[in-house]
Each structure stands twice: as C-alpha cells, then as structure tokens.
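Q: We have chain Z; now place chain Y with the ligands onto it with these hints.
For reference, the chains in residue letters:
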Amino acid sequence: MIRGEQLSKYFGDVAALNATDIHIRSGKITAIMGGSGSGKTTLLRLLAGLEQPTGGHVWYGDEDLCAMSVRRLYELRESMGMLFQYSALLNSMNVYDNVAFPLHEHTQLDESVIRTMVAMKLEQVGLRGFEHLMPSELSGGMAKRVAFARAMAMDPRIVFFDEPTSGLDPISAGVIATLIQDTSRKNRMTSIVVTHDVHAGLAIADHVILLWQGDIIAEGPPDAIRQSDDARVQQFLHGRPDGPIPFSRSTTSYIDDLTHKPGTIRLQS
Amino acid sequence: MNHSSVKQSFLALFFGRLGRYALHGVEQVGDASMLGLRALSLLFVRPWQGKHFILQLYALGVGSMVIIIITGAFTGMVLALQGYYTLAKFGSESLLGAGVGLSIIRELGPVLGAFMIIGRAGSSITAEIGIMRVTEQTDALEMMAINPMQRILLPRIVATVIAVPLLVSIFDIVGIASGYVVGVELLGVNQGAYMAELIAKITMVDIYGGWIKAIVFGFMIGMICTFMGYRSEPTTEGVAKSTTEAVVVSSVGVLIIDYIITSFFL
Ligand SMILES: Nc1ncnc2c1ncn2[C@@H]1O[C@H](COP(=O)(O)OP(=O)(O)OP(=O)(O)O)[C@@H](O)[C@H]1O
Ligand SMILES: [Mg+2]
Numbered sequence: 001m002i003r004g005e006q007l008s009k010y011f012g013d014v015a016a017l018n019a020t021d022i023h024i025r026s027g028k029i030t031a032i033m034g035g036s037g038s039g040k041t042t043l044l045r046l047l048a049g050l051e052q053p054t055g056g057h058v059w060y061g062d063e064d065l066c067a068m069s070v071r072r073l074y075e076l077r078e079s080m081g082m083l084f085q086y087s088a089l090l091n092s093m094n095v096y097d098n099v100a101f102p103l104h105e106h107t108q109l110d111e112s113v114i115r116t117m118v119a120m121k122l123e124q125v126g127l128r129g130f131e132h133l134m135p136s137e138l139s140g141g142m143a144k145r146v147a148f149a150r151a152m153a154m155d156p157r158i159v160f161f162d163e164p165t166s167g168l169d170p171i172s173a174g175v176i177a178t179l180i181q182d183t184s185r186k187n188r189m190t191s192i193v194v195t196h197d198v199h200a201g202l203a204i205a206d207h208v209i210l211l212w213q214g215d216i217i218a219e220g221p222p223d224a225i226r227q228s229d230d231a232r233v234q235q236f237l238h239g240r241p242d243g244p245i246p247f248s249r250s251t252t253s254y255i256d257d258l259t260h261k262p263g264t265i266r267l268q269s
Numbered sequence: 001m002n003h004s005s006v007k008q009s010f011l012a013l014f015f016g017r018l019g020r021y022a023l024h025g026v027e028q029v030g031d032a033s034m035l036g037l038r039a040l041s042l043l044f045v046r047p048w049q050g051k052h053f054i055l056q057l058y059a060l061g062v063g064s065m066v067i068i069i070i071t072g073a074f075t076g077m078v079l080a081l082q083g084y085y086t087l088a089k090f091g092s093e094s095l096l097g098a099g100v101g102l103s104i105i106r107e108l109g110p111v112l113g114a115f116m117i118i119g120r121a122g123s124s125i126t127a128e129i130g131i132m133r134v135t136e137q138t139d140a141l142e143m144m145a146i147n148p149m150q151r152i153l154l155p156r157i158v159a160t161v162i163a164v165p166l167l168v169s170i171f172d173i174v175g176i177a178s179g180y181v182v183g184v185e186l187l188g189v190n191q192g193a194y195m196a197e198l199i200a201k202i203t204m205v206d207i208y209g210g211w212i213k214a215i216v217f218g219f220m221i222g223m224i225c226t227f228m229g230y231r232s233e234p235t236t237e238g239v240a241k242s243t244t245e246a247v248v249v250s251s252v253g254v255l256i257i258d259y260i261i262t263s264f265f266l
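Residue numbers (my numbering), protein chains in the order written: chain Z, 1 to 269; chain Y, 1 to 266.
Excised from the complex, chain Z in its bound form (with noise of 0.2 Å):
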C-alpha cells in the first residue's frame, strides 16, 4: 500500500501540489486524472520517488521514502515499473537492449530467456521484430509502447504510467489499456495511471482520483465519479469549454491586457 500524507510540492511560487492526502490501493488500478498542468506528473514522480515533498511524507507500508536509504530504494525500485511521459528510453541503445536492460542489470538469466522474455513484452505491444531499431528510428507512439515494454518487463509489483495511451491511435491505445487491465488483475499488480483519455481511465480504473491546479477535487469508484454532481467534475468528464473551470490560465483579462496595459499593444478607436 502506498500512502502519501499532506504532500505538497512547490515549484519557486507554484505550487503544483497542495497538501493532498492520497492512498494507493495495493493491487488495483488508481487513474489520476486532470487537465493539463494540473499536478498529474508531479505526483506521480513524488510517489515513485524521484522528487523530494515540499512538506509531507509518501509511506510505503510503514516505511518512509524520504527517510529511506538508498539501498532500500533501489531494492523496492526493483520490483516497480515506470512510464515515462516522453518515453525516456535510453537513446544510446536499441529496442531489445532498452527492454532487456532491467533483466540485464538485475538477473542472472541466461540470454537466450532475457530474449524470449523481450520477444513476449514486444509481442504484448505488437512490436516484435523492431529490436534492431534505435529510440531515434521510433515514432513517439513506437517509442511509448517499447518504453510500455521496458516498464513491464521484470514483472513489476508496482506500476506508475504516465500517460500511457496518449500520442497513441486508437487501436494501440486500446490495447495498453486493456493490456493494463489485464496484468493488474492477473498479477495482482498495482497500477497508478496518469491520463487525459477519461473513456480509458472510467474503463479500466478501480479507484479515480481527480485533481485540479494540485487538489484533488473528486476522488471514488469510476462510478461514482461518473454521478457526481460537481460541476467541475461533470465538466472534465464531458470536455465542455465553458463551466467553473476556466480553459484559459492567465489570470489578467486578455482583453485589458490588449488595450489598457501601457506599453502594450493599442488598438485603435
């Protein structure tokens, strides 16, 4: 179980997480959800360990990861997985060493079943026969799903995807996501998803978290998601343009800014 207690993090003056309470659920699929710049990354990246709180502690089980050694670290960070947003592969190695790379550095297998186990990932994200290529020689969403195939490949206990299916087309994106689905339920693996695409995340989450400028706004079952009756929530869900979130981040009108500020443009009467 993973547990993170009044997070927060700040960015100078930005502060793209407020104290927020949060509970993984072990075995389950959390989605994190919220529109772009709302804290989705950093909370991921706070809870995988990567970036230290402002205030706050991430708890695994009962121990603390900001107090923890690196050893320990580094021994839990074996069994978990990571997607990256941009993929994050390692650009001086191909495909199959990108994949292979975990098993290489953690397991004494022989290399004839690190390449079957490589061939099985690659196969599950309809890549196989691409081992020769280099991170350069990839699309973004070829790249997406090797990195998919990276994270997966030392059969993690944790998960965290961040933005799995996005640069995806449809057909792959479903795929992952049901590929998601499926190994969460059969291993028992627990998955935190970050995603914009709330169909695939309504689809395969059991817990949903909805954040908003570093809170968290809604947060249940997708069901009860669905029903809220928060405005804002019902807005996220069904992308309308207008409603109690703004689309626009600015906070000075744009037209005051156009025809009041001096030393700006002037339009003309």
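By construction, these hints were calculated from the structure, which means they are not laboratory data.
Glycine included, each C-beta is placed from N, C-alpha and C at the ideal position.
It is possible that some hints are incorrect.
Computed beta-carbon distance windows for the label pairs [to be verified]:
| no. | chain 1 | residue 1 | chain 2 | residue 2 | range |
| --- | --- | --- | --- | --- | --- |
| 1 | Y | 265 | Z | 61 | 56 to 64 Å |
| 2 | Y | 37 | Z | 157 | 32 to 40 Å |
| 3 | Y | 234 | Z | 224 | 34 to 42 Å |
| 4 | Y | 8 | Z | 93 | 39 to 47 Å |
| 5 | Z | 258 | Y | 25 | 39 to 47 Å |
| 6 | Z | 19 | Y | 240 | 50 to 58 Å |
| 7 | Z | 70 | Y | 240 | 51 to 59 Å |
| 8 | Z | 112 | Y | 265 | 57 to 65 Å |
| 9 | Z | 14 | Y | 37 | 29 to 37 Å |
| 10 | Y | 27 | Z | 19 | 54 to 62 Å |
| 11 | Z | 113 | Y | 264 | 26 to 34 Å |
| 12 | Y | 37 | Z | 112 | 36 to 44 Å |
| 13 | Y | 240 | Z | 112 | 43 to 51 Å |
A: Below, chain Y with the ligands alone, put in the same frame as chain Z:
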C-alpha cells in the same frame, strides 16, 4: 557625468563583474567537488562499474589520441623553431633539446593536453549527461534501480583521472620527438649535443611534476564536466549553457591550478 566619474563607474562595474564571476566560479568548483566526491564514494560499493569504466576510458583515451598527437607534434615543432632562433642569438643552439623537453614536460604538455581533452572529451561528457537529464533518461535509470551517480558520473570521473596523464605522456613524447626532427634534421643542430642536453637537464622531478599536474587536471576536468551536465537546467539552452560553462570553468581552473602546482615545484 564628468570624465572621472564615468571612469569610476566603469571600474566599479568591471570589478563588480569580475568579482561576481570569481565567486560564481569558486562556488561551482565547490559544488562540483561535493558531487564528485559523492560519486567517488560509490567507487567501492557494489555493483562494480568496471565494464563502464573501461568503455569510458576507451572512448576518452582512444577518442582523444589523434588530436593529442597532432597538437603535441606541432607544439614540439614550433618550440624547436622559436627556441632555435632565440638560442642562436646567444650561440647556444646546443641547449635546444633541453629547452624543448623542459617546456613540454613541465608546462605545455599538461596544460595544452588538458585544454585539448576539455574541448574534445569534457564538453561531450557535459552535453551527454545534460541531454540524459533533459530526456529523463537519468530518472529512467533511477526507476530501474540504477544509481546514475554510480553508473554515469563515477566511470567518467575515474576515466578522466586515468586518461589525462596517459594522454599527456603521449603529448610529451610526440612533442619532444617532433622537436628533435625540426631541431636536428631541419635546422641542423648537432644531434649529440641535442640529446645530451635533453637527457642531462630533465630530471625525475620534472617528469613527476608533469604527471602530478596531469592527474590533478584530470580529476578537476572529470568532476567539473560531469557536474555541469548533471546540474544543467532541463532545457536546450540549459544544456548549451552548462557545456560552455564546463569548458570555461575547467580551462580557467587548469591555468590557476597550473600556477599553484608550479609554484610548489620550483
Ligand atoms: N520542474 C518544474 N519546474 C517548475 N515548474 C514545474 C516543474 N514541473 C512542473 N511544474 C509546474 O507544476 C504544475 C504541474 O505540472 P505537472 O507536470 O505535474 O502537470 P500535469 O498534470 O502532468 O500536466 P500534463 O497533463 O500537461 O502533463 C504546472 O503548473 C507546471 O508549470
Ligand atoms: Mg504530465
């Protein structure tokens, strides 16, 4: 504003800038040493990074060989040429061998060699690590339970510490050999005198001094270049800026440390 106050404010500006640069530089070197020492403390921690160290040593050493040979050769040649015309004025051409040898072993080998290595290898270390950070490859390593400090920084630092003295030695040998060619074969200095002076005037202290310089330079280059890459802002300009800064800070550092070490050995 009258003339003197313009001059005054110019001076204030100039020295203010200079002071800020100096402070910034010292701060950077301090931070780099802290990070470098932290990486070095992982030297004796499992898993051993032998393979990665060898790979880095190969990339750095073999990769810089050509440029070191070329610069070594031309340095030796021009020294012989310049030295000959100066010494000829006093009728002491026979000292040419000693002059070329001493200048290369004590000064030019370590300093010019270090400059070439900074330009050829140091900058690429910084850019490589910087790009790994920008593209989150270091984070990916972290998540795969690989410590980037141990896997990426440590082998590069150790490789520079070892490669720089070796490359500097090559620079020295090539430089002295090509000085000989120009002095003896081209300008017609007596071969026996050239060699005799060369062997008589160069002592072990000179050679050790050169090596000590090279080792210290290697250490500093490794620490600064890896540090700049690791700490670069995760943007395109960030990496560009830290690459420039790595080259500038380590080159200036080489000259300053060179002076300090030389003052101890004289
Ligand atoms: N390294 C950083 N430095 C400064 N500000 C940052 C940094 N990372 C994130 N932020 C800020 O924190 C806020 C949340 O960013 P985050 O990346 O977590 O958003 P997100 O929900 O993942 O967005 P998206 O869906 O577009 O990926 C944003 O306002 C962003 O500007
Ligand atoms: Mg994000």
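Q: Against this structure, judge whether each hint is valid.
A: Do the hints match the structure? See the list:
no. : hint                         : verdict
1   : Y/265 with Z/61: 56 to 64 Å  : 59 Å, holds
2   : Y/37 with Z/157: 32 to 40 Å  : 35 Å, holds
3   : Y/234 with Z/224: 34 to 42 Å : 38 Å, holds
4   : Y/8 with Z/93: 39 to 47 Å    : 59 Å, violated
5   : Z/258 with Y/25: 39 to 47 Å  : 45 Å, holds
6   : Z/19 with Y/240: 50 to 58 Å  : 37 Å, violated
7   : Z/70 with Y/240: 51 to 59 Å  : 31 Å, violated
8   : Z/112 with Y/265: 57 to 65 Å : 58 Å, holds
9   : Z/14 with Y/37: 29 to 37 Å   : 33 Å, holds
10  : Y/27 with Z/19: 54 to 62 Å   : 33 Å, violated
11  : Z/113 with Y/264: 26 to 34 Å : 58 Å, violated
12  : Y/37 with Z/112: 36 to 44 Å  : 42 Å, holds
13  : Y/240 with Z/112: 43 to 51 Å : 44 Å, holds
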